[in-house]
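Student: As given, the protein sequences belong to chains S and D, one line each in that order. Numbering that gives the first Met the number 0 puts the first residue of the first sequence at 0, with every later residue one more than the last. Numbering that gives the first Met the number 0 puts the first residue of the second sequence at 0, with every later residue one more than the last.
Simulated from the structure, these hints should not be mistaken for lab results. One or more of the hints may lead you astray.
Note that the list lumps identical chains together, so a pair holds whenever it fits in one copy or between two copies.
[To be verified] With a Cα cut of at most 20 Å, we get these calculated PhoX-like pairs of lysine-lysine:
id : residue 1 : residue 2
1  : 314       : 298
2  : 22        : 5
3  : 314       : 302
4  : 298       : 282
2 protein chains.
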Amino acid sequence: MQGKYKALWLNKNKYLEVIDQTKLPFEYETKVLKTTDEIVKAIKDMTVRGAGVIGSVAAFGIYTACLEVDNYDELKLRAKQIRESRPTAVNLMWAVDLMMDKLKDSTDLVNDALKFAIKLNDDEACESQKIAEYGCDIIEDILKKKNKSKINILTHCNAGWLAVIDEGTALAPIYEAKKRGIDVHVWVDETRPRNQGASLTAWELTQSGINHTIIADNTGGHLMQDGQVDMVITGADRVSAGGDVANKIGTYLKALAAKDNNVPFYVAIPASTFDFDIIDGVKEIPIELRSEDEVKYIKGVDKNGKIKEVLITPKNSPAINYGFDVTPARLITGLITNKGICRADFDEIRLKFT
Amino acid sequence: MQGKYKALWLNKNKYLEVIDQTKLPFEYETKVLKTTDEIVKAIKDMTVRGAGVIGSVAAFGIYTACLEVDNYDELKLRAKQIRESRPTAVNLMWAVDLMMDKLKDSTDLVNDALKFAIKLNDDEACESQKIAEYGCDIIEDILKKKNKSKINILTHCNAGWLAVIDEGTALAPIYEAKKRGIDVHVWVDETRPRNQGASLTAWELTQSGINHTIIADNTGGHLMQDGQVDMVITGADRVSAGGDVANKIGTYLKALAAKDNNVPFYVAIPASTFDFDIIDGVKEIPIELRSEDEVKYIKGVDKNGKIKEVLITPKNSPAINYGFDVTPARLITGLITNKGICRADFDEIRLKFT
Numbered sequence: 000m001q002g003k004y005k006a007l008w009l010n011k012n013k014y015l016e017v018i019d020q021t022k023l024p025f026e027y028e029t030k031v032l033k034t035t036d037e038i039v040k041a042i043k044d045m046t047v048r049g050a051g052v053i054g055s056v057a058a059f060g061i062y063t064a065c066l067e068v069d070n071y072d073e074l075k076l077r078a079k080q081i082r083e084s085r086p087t088a089v090n091l092m093w094a095v096d097l098m099m100d101k102l103k104d105s106t107d108l109v110n111d112a113l114k115f116a117i118k119l120n121d122d123e124a125c126e127s128q129k130i131a132e133y134g135c136d137i138i139e140d141i142l143k144k145k146n147k148s149k150i151n152i153l154t155h156c157n158a159g160w161l162a163v164i165d166e167g168t169a170l171a172p173i174y175e176a177k178k179r180g181i182d183v184h185v186w187v188d189e190t191r192p193r194n195q196g197a198s199l200t201a202w203e204l205t206q207s208g209i210n211h212t213i214i215a216d217n218t219g220g221h222l223m224q225d226g227q228v229d230m231v232i233t234g235a236d237r238v239s240a241g242g243d244v245a246n247k248i249g250t251y252l253k254a255l256a257a258k259d260n261n262v263p264f265y266v267a268i269p270a271s272t273f274d275f276d277i278i279d280g281v282k283e284i285p286i287e288l289r290s291e292d293e294v295k296y297i298k299g300v301d302k303n304g305k306i307k308e309v310l311i312t313p314k315n316s317p318a319i320n321y322g323f324d325v326t327p328a329r330l331i332t333g334l335i336t337n338k339g340i341c342r343a344d345f346d347e348i349r350l351k352f353t
Numbered sequence: 000m001q002g003k004y005k006a007l008w009l010n011k012n013k014y015l016e017v018i019d020q021t022k023l024p025f026e027y028e029t030k031v032l033k034t035t036d037e038i039v040k041a042i043k044d045m046t047v048r049g050a051g052v053i054g055s056v057a058a059f060g061i062y063t064a065c066l067e068v069d070n071y072d073e074l075k076l077r078a079k080q081i082r083e084s085r086p087t088a089v090n091l092m093w094a095v096d097l098m099m100d101k102l103k104d105s106t107d108l109v110n111d112a113l114k115f116a117i118k119l120n121d122d123e124a125c126e127s128q129k130i131a132e133y134g135c136d137i138i139e140d141i142l143k144k145k146n147k148s149k150i151n152i153l154t155h156c157n158a159g160w161l162a163v164i165d166e167g168t169a170l171a172p173i174y175e176a177k178k179r180g181i182d183v184h185v186w187v188d189e190t191r192p193r194n195q196g197a198s199l200t201a202w203e204l205t206q207s208g209i210n211h212t213i214i215a216d217n218t219g220g221h222l223m224q225d226g227q228v229d230m231v232i233t234g235a236d237r238v239s240a241g242g243d244v245a246n247k248i249g250t251y252l253k254a255l256a257a258k259d260n261n262v263p264f265y266v267a268i269p270a271s272t273f274d275f276d277i278i279d280g281v282k283e284i285p286i287e288l289r290s291e292d293e294v295k296y297i298k299g300v301d302k303n304g305k306i307k308e309v310l311i312t313p314k315n316s317p318a319i320n321y322g323f324d325v326t327p328a329r330l331i332t333g334l335i336t337n338k339g340i341c342r343a344d345f346d347e348i349r350l351k352f353t
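Using the sequences provided together with the hints, build the complete structure.
Tutor: Following this line, the structure appears as structure tokens:
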């Protein structure tokens with residue numbers, strides 16, 4: 000593993016090294032995480048974020064913890080610390096539990112943990128590669144049907160290699176398209192209020208040499224009316240048994256516009272994103288309410304190159320900050336998964352994934 | 000006329016005084032405009048903005064010019080200067096032409112210009128008042144139908160008293176509702192990239208004592224799914240013969256969400272907003288392309304209370320900035336005009352307005 004096109008890697012001293020995502024896109028800095036405390040802090044303060052990446056950091060976190068302990072019981076305490084570092088991150092708990100289960104009879108914690116963490120990471124990378132290939136087949140189909148040589152893809156938030164090992168979910172088919180020599184251009188939704196599009200996705204695509212243009216979240220509808228969008232691909236945080244998609248707030252509005260303009264709307268996910276306990280996604284998936292300060296304040300660099308936070312609203316006007324919305328299955332053309340393309344439909348999802 | 004609830008007024012020395020809207024919501028400052036050059040500069044640098052307000056400033060601008068000239072021919076040169084200060088502002092040209100036409104036989108330019116400017120301003124105020132009343136009747140109807148006592152209205156951009164004399168267009172029914180004792184709460188779309196909602200609308204509603212909450216533009220869809228929006232009211236820059244509405248970019252996405260959730264979607268306009276030469280709004284209305292810097296940079300106040308501009312994207316990522324989009328008539332519940340409520344429909348519009 001190496002630096003520039005990955006969110007995390009093992010450095011030459013076999014410590015976990017990660018990109019500090021809180022500084023992007025203004026500064027590229029990495030952090031070496033040598034202790035359990037440093038792992039926990041990196042997850043808590045969002046040095047690392049994105050479902051897949053947090054899972055990988057947690058797995059390497061258990062390996063890091065093994066460097067500090069003598070036996071499994073001591074390890075359990077540190078595992079608990081990591082597991083509780085971000086309460087809503089399902090992937091984090093899953094990765095910690097999997098690692099701890101595999102290590103329970105180990106006689107060589109450090110080496111076994113390293114081996115299992117690398118394996119978990121490789122499995123995720125393999126899923127991402129499958130999503131890349133299945134998704135890119137769709138890109139080729141669309142170009143063939145339209146008899147065009149250049150594809151314009153709109154995406155929302157960040158679901159690339161900064162979020163999911165190895166090349167992300169929503170952006171994976173785009174990276175694959177570049178490999179296959181397809182002329183690809185990405186409309187990057189700014190993604191207010193945390194601006195993951197304008198900061199992380201735009202930065203990531205720049206690093207990967209992908210043509211892109213940042214747009215205000217308000218702009219996608221007009222672009223679709225004007226024929227400037229050939230398809231939409233987003234990631235997802237949770238998908239119901241019938242294919243309703245919880246993703247970053249605003250995804251639903253883009254899905255409505257895509258439907259209204261006959262633009263294919265795809266959601267790229269590993270199979271682990273399904274939550275089969277959820278039947279009606281719109282009614283049942285709880286929507287996280289985050290701090291109003293994420294709406295009222297914004298971070299950027301001033302003319303001296305210093306990172307500054309500024310207030311952009313009247314100080315006393317209240318704001319509300321829902322983190323996600325749910326896009327009903329009826330608006331989704333298909334799900335791009337590591338097991339192939341699947342319609343957002345109860346029966347087809349059940350047949351393929353249970 | 001007075002300061003706090005108006006965008007402009009005549010001060011005690013009979014000079015035009017305006018709120019400097021470039022400083023809002025961070026600083027409340029006014030400017031006295033004593034010369035034609037100052038009038039032109041205020042329009043050019045967006046000290047004043049909003050269709051109606053620019054028209055009023057232009058009318059008082061002609062009066063201001065009269066203070067500097069001896070005869071109608073000299074006045075014509077200054078009128079030309081004002082008329083050309085913002086090329087796309089239809090209302091500006093209309094107001095200058097109307098004033099100049101009325102003054103052409105005047106023997107007392109200063110006093111006549113003052114009289115005509117006040118008349119033009121009063122006529123606009125009267126239109127705004129009619130929109131307020133017709134719009135508020137709809138608010139009362141919705142509350143009655145839902146058997147509720149509190150109304151939640153979502154608005155996009157700024158179409159209040161900072162934009163249109165006297166109480167605006169989209170916000171006029173809201174001010175009227177407050178007068179009638181209705182419990183009204185406004186969801187204020189931030190309105191990227193120029194943030195007219197988060198800055199101007201939120202500030203204006205604060206001054207007027209109206210309950211409101213600022214939201215990212217991405218949020219309205221979820222709020223509608225969740226039953227938290229009873230109606231949407233926006234303004235418009237231009238309306239086609241059949242009721243297609245050109246308004247601030249992102250309006251179309253809110254109209255789609257309103258339709259999908261059976262939320263009434265109204266557009267408040269004076270009759271002068273119709274452009275009967277436009278048949279298909281989506282295809283025919285040209286969309287202004289503005290500077291990418293409005294997407295890439297943002298203004299706010301730092302922790303020392305100083306207004307600062309910061310870069311919020313990677314420096315070299317391109318951005319694109321369409322100023323408006325067009326909402327097709329089929330998504331619009333009705334037009335709230337100074338001549339009453341009208342469906343967004345060719346025949347009804349023709350009967351009522353031509």
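Student: Work down the list of hints and note, for each, if the structure agrees.
Tutor: Hint by hint, here is what the structure shows:
1. 314 x 298: both (16 Å within a copy, 14 Å between copies)
2. 22 x 5: Answer is within; shortest intra-copy Cα gap is 16 Å, inter-copy 42 Å.
3. 314 x 302: between (24 Å within a copy, 12 Å between copies)
4. 298 x 282: Neither. Shortest intra-copy (34 Å) and inter-copy (38 Å) distances fail the 20 Å Cα cut-off.
The structure fails hint 4 only (numbered hints given earlier).
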